[in-house]
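Here the protein sequences line up with chains A and B, keeping their order.
Number 742 in full-length UniProt numbering belongs to position 742 of the first sequence; there are no gaps in the numbering.
Number 186 in full-length UniProt numbering belongs to position 186 of the second sequence; there are no gaps in the numbering.
FYI, nobody ran anything at the bench for these hints, they're computed from the structure.
Keep in mind that a hint or two might mislead.
Because identical chains share one entry, a pair is satisfied inside a single copy or across any pair of copies.
[Claimed, not checked] Listed next, the in silico PhoX-like pairs over lysine-lysine satisfying Cα-Cα at most 25 Å (straight line):
1. Lys73 x Lys125
2. Lys453 x Lys556
3. Lys243 x Lys701
4. Lys146 x Lys54
5. Lys453 x Lys628
The lines below spell out each chain.
2 protein chains.
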Amino acid sequence: MSIFKYRVQAIFISILFTLISCSKEKTSSPTLSSSEISNNQHPSLIITKAGVEKIRANLGSIPIFDETLEKVKAEIDAEIALGIEVPIPKDYSGGYTHSRHKRNWQTLQKAGVLYQILDDEKYAKYVKDMLMEYEEMYKTLPVHPKTRSYARGKLFWQCLNDSNWLVYVSQAYDCIYNYLSKEERNKLETNLFRPFADYISVENPQFYNRVHNHSTWGNAAVGMIGLVMNDSVLIDRALFGIKGAELDKTAKDNDGGFINKDGKAGFLANIEEPFSPDGYYNEGPYYQRYAMYPFLVFAEGLNNVKPEYKIFDYKEGVLLKSINALLNLTDADGDFFPLNDGQKGMSYYTSALVTAVDISYKYGNKDPGLLSIAKEQNRVLLDDSGLAVALGIKNGETKPFNKKSINLADGPKGTQGGVSILRNEDIELVFKYAAQGSSHGHYDKLSYSLYEKGEEVLQDYGLARFVNIEQKGGGNYLKENKTWAKQTIAHNTVTQNETSHFEGKYEIGSKHHSILHYFSSENENVHVVSAKEDNAYPGTEMLRTMAIIKDEDFEKPYLLDIMKITSSKANQYDFPFYFFGQVLAANFEYNTPKTLKALGSKNGYQHLYLEGSAKPKNNNTKFSWLNKGKFYSLTSVANTNDEILFTRIGANDPDFNLRREAALMLRRKNTKNTTFVSIIEAHGNYSPVTESAVNSNSSIKELKVVIDTIDYTAVTITNEDGKTKLFITSNINASKDAEHILKINDTNYQWTGTYYFK
Amino acid sequence: MSIFKYRVQAIFISILFTLISCSKEKTSSPTLSSSEISNNQHPSLIITKAGVEKIRANLGSIPIFDETLEKVKAEIDAEIALGIEVPIPKDYSGGYTHSRHKRNWQTLQKAGVLYQILDDEKYAKYVKDMLMEYEEMYKTLPVHPKTRSYARGKLFWQCLNDSNWLVYVSQAYDCIYNYLSKEERNKLETNLFRPFADYISVENPQFYNRVHNHSTWGNAAVGMIGLVMNDSVLIDRALFGIKGAELDKTAKDNDGGFINKDGKAGFLANIEEPFSPDGYYNEGPYYQRYAMYPFLVFAEGLNNVKPEYKIFDYKEGVLLKSINALLNLTDADGDFFPLNDGQKGMSYYTSALVTAVDISYKYGNKDPGLLSIAKEQNRVLLDDSGLAVALGIKNGETKPFNKKSINLADGPKGTQGGVSILRNEDIELVFKYAAQGSSHGHYDKLSYSLYEKGEEVLQDYGLARFVNIEQKGGGNYLKENKTWAKQTIAHNTVTQNETSHFEGKYEIGSKHHSILHYFSSENENVHVVSAKEDNAYPGTEMLRTMAIIKDEDFEKPYLLDIMKITSSKANQYDFPFYFFGQVLAANFEYNTPKTLKALGSKNGYQHLYLEGSAKPKNNNTKFSWLNKGKFYSLTSVANTNDEILFTRIGANDPDFNLRREAALMLRRKNTKNTTFVSIIEAHGNYSPVTESAVNSNSSIKELKVVIDTIDYTAVTITNEDGKTKLFITSNINASKDAEHILKINDTNYQWTGTYYFK
C-alpha cells in the first residue's frame with residue numbers, strides 16, 4: 001500500500017479538490033456533464049474489454065482461475081437448467097422469496113462474467129430473460145409487505161437487500177450491455193434500473209443519505225448502475241448523496257443508531273467517516289467485511305470508468321489500507337474477531353474477502369502475502385483482478401501473509417481510540433479501546449479476547465443473532481442482543497455497580513472513546529498496549545495495561561493484565577473471565593448452590609446463573625481449565641474481601657437464544673481505588689488419543705503487586721523454579737523517550753520508555 | 001479373515017486339544033518342557049532375525065516405514081541425550097514418577113528396535129544401562145506407596161501399569177538379548193524380570209487370575225518375558241493362569257466388578273470369554289482398544305516363537321476378527337463409539353491400533369482396506385508387520401476400508417445380545433442391546449447414539465473421567481461416573497419410574513442381556529435392527545426397532561425409532577434425546593423456570609437441571625436444533641398427556657466434573673403399554689461464512705401410528721409434499737422367510753420377512 005502513501009501529494013490534493021468542488025456544484029444539476037464521461041465501452045466495471053482478452057488468452061494455464069471458472073460454470077449451468085424464478089416478494093430473510101432473489105442476483109452476476117469469458121450466448125440470454133422478468137414485475141411492484149424495516153425495500157423487506165441486488169445486477173447488465181438492443185436497454189433502464197435506483201435513494205433518504213454500511217450499499221448500487229448507464233446524475237448521487245435532502249437528525253434506525261445526526265452522506269463521506277487513517281472501520285471487522293464489497297466493486301468500477309478520480313488514492317489510499325487492517329483483524333484460522341456485533345465464524349473465506357484480496361492485489365502494491373490468502377481461499381474473482389492474482393500465483397510470487405502485533409486507530413482522523421492486536425507465537429490478544437462503533441457497538445471499553453492458534457481462550461460473546469436463520473427471529477437481531485450481548489458484563493472488562501458503560505446508552509456512548517496510553521511492539525518478546533477510559537463511569541478512571549510476554553522460563557507466551565481503577569467513590573467492580581471447557585482445579589474452596597438463580601435483574605446480569613461462589617484463600621487466586629486439548633491457568637492477585645463467582649449464561653432466556661457458556665468472575669465490593677492484576681497462561685496439552693497430559697499445571701508460583709502509585713504500577717512474577725521477573729508500567733508518562741528511576745524495596749530501577757521488564 | 005474360517009477343522013481341534021491338555025497337566029509342573037521350546041533365537045517376539053534382514057534390505061524405499069523410523073529415531077535420540085531417569089515410585093497416574101516410568105517403557109521398546117534396525121550399539125547400551133538401573137532399584141523396591149488400588153504395583157500404583165511396563169520392556173530385552181553377556185542377562189532375569197513377573201502374577205492373583213483387561217495385560221507381560229527368557233513356567237502361567245489359585249468368588253475390584261466369579265484365568269480364557277465369535281469385546285471398544293495391544297503383541301510373539309500353537313486361529317481366528325470389529329466400531333473420523341465407559345476422542349490413531357492394523361494385515365488375509373487406515377495413521381510398527389504394511393502401500397495395494405452396516409453379537413458364544421451399527425451415507429446409528437459389559441458396563445439396554453459424518457447428533461455421554469489428568473481425581477474414575485454416566489437416564493433409552501435398568505446393580509445386570517429380534521441390511525436403502533429387553537424392569541418388556549431409511553423424498557437418510565413397551569403395571573417412562581447445539585424451533589409452547597432445580601434426587605436425575613417444560617400441542621411433537629452448521633429435527637408421535645422437558649446436565653456437580661449438555665425428554669406418566677415413535681432427520685446446513693441457511697426445516701408433515709398390536713407396529717410417514725410411506729415391523733415373528741398379510745384401513749399389505757417399507 002506504500003505506493004499510495006508516497007504518491008505526489010499535489011496530485012492527491014487536486015483530485016480531492018475536484019471531488020469537493022463537484023460536491024458543491026451539485027445542488028441544482030448533475031455536476032458531471034455527459035461529455036466528461038469516458039466513452040461508453042462495455043464491459044467496463046469489474047471486468048473490462050482488455051481484461052476479457054487477457055483472460056481468454058491465459059485460460060487453461062492459470063489453475064486457480066481455471067478451477068474457479070469451472071466451478072462457477074457448473075453452478076450456473078445447473079441454475080440455468082432449473083429455469084428462471086422471479087417470485088412476488090413476500091418473506092423476511094431466510095424465507096423463500098428472500099433466498100430466491102438473493103440467489104438470482106448472484107446467478108445474474110456470474111452468468112454475466114461467464115458470457116464475457118466464454119463468449120457463449122446462452123449466458124447472455126439467461127441474464128436478459130431474467131432481467132426482463134424483473135422489469136415486468138418491478139414496474140408495478142409495491143413496497144415489500146413486511147413492515148419491520150425503517151426503510152422497506154421492494155424485492156426485499158429492506159432497502160439494504162434491494163441495494164445488494166443492484167450492486168450485483170449492475171455488473172450483469174454491464175456484461176450483456178452490448179448483447180442487448182437499444183430498445184431492450186431502454187426498456188430495462190426506464191422500467192427497472194432507474195426507478196430501482198431512485199427508490200433506494202431519493203425515495204428512501206433515511207436509508208440512503210447516511211454514513212452507515214447500509215448506505216454504502218445504497219450509494220454503490222446507484223453508482224454502479226450509473227456507471228453502466230453512463231448517467232452522471234446517478235454517479236453524482238452515489239458519490240455525494242442526495243442533493244438537498246433534509247433528514248430528522250434525531251431519528252434512529254432499527255438497530256438504535258442515529259439516521260443522520262451530522263448530515264453527511266454519499267460514497268465519499270462513507271469512506272471519509274467510518275474509516276480511520278489506519279483503515280479500521282468503526283463498526284468492527286464483521287460489518288467492514290459486509291461493507292467491503294460495495295466499497296471495492298464500486299471503487300473498481302469507478303477506477304476503470306473514471307480513472308481520473310483516483311479513487312484508490314482517496315484519503316491516502318484508505319480503501320486498500322482497510323483491507324490490510326481487515327486481514328489483520330482475523331485469528332489464525334482467518335476468522336474475524338467478533339468485536340461489537342459480529343457473528344462468529346465469519347472469515348476471510350467469505351466471498352467479499354475474495355473480492356477484497358484480489359482487488360487489493362491488483363490495485364495495491366502487488367503484496368505477495370495476499371497471494372497466500374488467495375490460495376487459502378482457493379478461488380479468485382472471474383475478472384481483471386482475479387486474473388492478476390492467478391498470474392501472480394502461477395508465477396510463484398506467493399509469500400506468507402505475516403500477521404504481527406498491530407495498533408489500529410479508530411475515528412475519521414485516527415484520534416478516537418482504537419483496537420490493538422498483540423501476537424506472539426500462537427497467542428493473540430485483541431484489545432478494544434475504540435469509539436462506540438455506531439449502532440453495532442457494544443458497551444465494552446477496555447475489553448479483550450484471547451486466542452490460541454485460532455481457538456478462543458477467553459471469548460468475546462459476539463452478537464445474539466442467527467443471521468438468515470428464519471426460525472430464530474427471522475434471522476434478525478434477537479432481543480438478547482441488547483439485553484445481553486451489548487452489555488458490559490458480557491465482556492472481559494470491568495462492570496461497575498452492575499451497570500453498563502455509559503449506562504448502556506448509545507447517545508452517551510457515541511460521544512466518547514477511550515484513549516491510547518501507549519503501544520509497544522519493538523521488543524520481540526514483550527508487546528504491550530495500555531489505554532484509559534474516563535467516561536464510561538463518570539468519576540471513575542480505568543487504565544488497562546496488557547502485555548503478551550514471551551519468557552524463556554515459560555512454555556508459551558502469557559498475558560499480563562493490569563487494570564488500574566481510580567474512583568471518587570466506593571463501588572463494586574465485577575471482572576469476568578469468559579473461559580471455555582472444563583474446570584480443572586482451583587486453589588480456593590467453592591460452594592455450588594442447589595438451585596441456580598439469576599445473578600441480577602438487569603444490564604445483562606439477569607442472563608447469568610450463579611453456579612458457584614468462593615472467597616480467596618491465598619494472596620493469589622489460581623484457577624485452571626482444559627479446553628480442546630489445551631490447559632489454561634488464571635493467576636490473579638487476590639484481595640481477601642474479594643468474591644469469586646462461577647457464572648453461566650442462560651438465565652431469563654425463554655427462547656434458548658443464548659449459548660450456555662461459563663465465566664469465572666472476580667467481584668470486589670465497596671472499593672474506591674484498586675488494581676486487578678492477572679496472568680493468563682496457556683500451557684501444555686492433552687490428547688484423548690495418547691491420553692497423556694503434558695505440562696498441565698500453571699508455572700506461576702506468585703504474582704505480586706510491589707508498587708502501585710499514580711505514576712507507576714509494578715508487579716513481580718515468580719515462577720515455580722523461583723525465578724522472578726519485574727514488570728513496571730508508567731501510568732502517566734507515555735513518552736518513548738522518558739527516563740524513569742523508581743526505587744522498589746531499596747533497589748533502584750532505571751529505564752527509558754513506557755515500561756520495564758526484566 | 002476368511003482364511004481362518006475355512007482352515008481344516010481337524011488341525012484347529014488338534015491344537016485346541018493340545019492347549020486343553022496342557023491346561024490339565026499344569027497342576028504340578030510346567031507343562032511345556034524346555035525341549036519343546038524352539039531354539040532360543042533373538043530377536044524373536046515382534047521383530048525377528050529374518051524380519052530385521054528384510055527391513056534393512058528395504059530401508060529407504062518404503063516411505064511410511066522410513067518416515068516412522070526417522071521420527072522414532074529423533075524421539076529416542078532426544079531421550080538418550082536427556083539421560084536416564086529411574087525415580088523411586090511415588091505418584092498416581094498423571095504424576096511425575098508415573099509419567100516417567102511410562103515414558104521409560106516406551107523409550108526402552110523403541111530403543112530396542114532401533115538397535116536391531118540401525119545396528120547402532122548406542123541404543124543397545126542405553127537399554128542395557130536403563131535396565132540395570134531398574135534392576136538396582138527393583139530388587140529392594142517395596143510395594144508402591146499409594147494405596148487406592150485393589151492390586152498395588154511396585155513401579156506404579158497398580159499392577160496393571162507394572163504389567164504395561166513389562167509387556168514393552170520384554171520386547172526391549174528381546175532386542176538386546178544377544179548384546180548382553182550371559183552374566184548380565186542372569187542379573188536382570190534374577191533380580192528384575194522373574195521377580196517382576198512373579199509379583200504381578202502369583203503375588204497378586206486377584207489381579208492376574210481373572211477374565212478382565214487388567215489380567216490380559218498381566219498374562220501377556222508374564223508370557224512375553226517368558227518367551228524371551230525361554231521360561232516354560234512363565235509361558236504356561238501366561239496361557240493358563242496361576243495353577244491352583246483359589247480366589248474369593250465374591251470379591252470385587254475398584255470398579256465394582258467381580259474379581260473372579262467363575263474361576264477362569266489365563267490368556268486363553270481372556271480370549272475365550274470376553275470376545276464374541278464376531279470379535280466384539282464385552283467391555284466395549286474403548287477397553288478393547290486398551291486390551292488389544294497385549295492380546296496382539298503376545299499373540300505375535302507366541303506365533304513367532306511357538307508357531308505350532310496357531311494362536312491366530314484360536315477360537316476361529318477371533319483375535320483378528322476382533323480387529324475388524326473394532327475398526328467397525330469407529331465413526332467416520334475413526335473415533336471409537338463411547339459405549340459403556342469410553343473416553344471420547346480415543347480413535348484408531350492410537351498406537352494400540354497401529355499395532356492392531358499392522359498385525360492384522362500381516363497375519364490376516366492381507367486386507368487392502370487396512371492399508372488405507374495405516375495410511376491415515378501415517379506410521380507403522382518398526383517390525384515385521386510394519387514392514388508388511390509398508391510394502392503393501394508401496395506396491396499400490398491400498399483400497400478404502402468400507403464400513404458398512406454390521407451386527408456384532410456379544411457373549412463368548414455370541415448369544416448374549418450385541419451391538420448393531422446401521423450406516424447409510426453420512427448417517428451412523430449405534431444401537432446397543434448387549435450384555436452388561438463387565439465392570440465397565442452402563443445400564444443402558446436398547447440405547448443408541450447417532451452420528452453424522454463423525455459428529456455426534458444424539459450422544460452417548462461416555463465416561464465421567466479425565467484419564468491421566470491428575471487434577472481431576474488423580475485421572476481416575478470420578479464419582480459421577482457411577483452417579484451419572486452409568487445410569488440409564490444418561491442414555492438415549494427408556495427409564496422407568498426414575499430408576500435405572502436392573503436397579504443400577506451390577507449383580508443383577510451382569511446376569512442378563514438383551515435379545516436380537518432381527519437385523520436386516522440387505523436392502524440398500526433400509527437398514528433395520530430390532531431387539532428386546534425383558535429383564536431391565538421385571539414385568540416390563542421393551543422392543544425397540546430402529547431403521548435408517550434412505551428415502552428419495554428426503555435430503556438425507558433419517559432414523560425411524562419405534563420403542564414398544566408392554567408392562568404389567570402403570571409406570572412413568574422417560575425418553576431423552578441428548579442433542580447438541582442451539583434450540584431452533586418447537587411446535588409446542590414451553591415455559592422456562594426462573595430458577596433451575598434438579599429434576600430428581602437419585603439414579604442420575606439429581607444431575608439434571610430442568611430448564612423448561614411443555615405439553616404437546618399436536619399429534620406430533622416437533623423440535624429442531626442447529627449444531628456445527630447442520631440442522632436436525634425430531635418428530636415424535638405425541639400423547640396429549642405427555643410432558644416435554646428440557647434438561648441440562650450439571651446439577652449436584654460440586655467439582656464441575658460433568659459437561660453442561662442438554663436433552664429434550666419425553667415423559668409419559670401412569671401408562672402400562674405404550675409405543676414411542678420418533679424420527680430424527682438430519683437436514684440442510686448453515687455456514688457462518690456464506691450466512692446462508694439451506695433446508696433448515698423438517699420435511700415431515702406427519703408421523704402416525706396406524707397399527708400397534710402384539711404382532712405388528714405400523715407407522716406412516718408423510719412428508720411436506722404429501723407423499724406417504726408405510727413402515728411395518730413384525731413384533732413377534734423374526735423369520736426372514738415368514739409371509740405376512742396385514743389389513744390396515746381396508747388395504748391388505750402382504751410381504752415376506754421381518755419388515756415392510758413402501
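task = If any of the earlier hints don't hold here, list their numbers in rising order.
result = The structure breaks hints 3 and 4; every other hint is satisfied.
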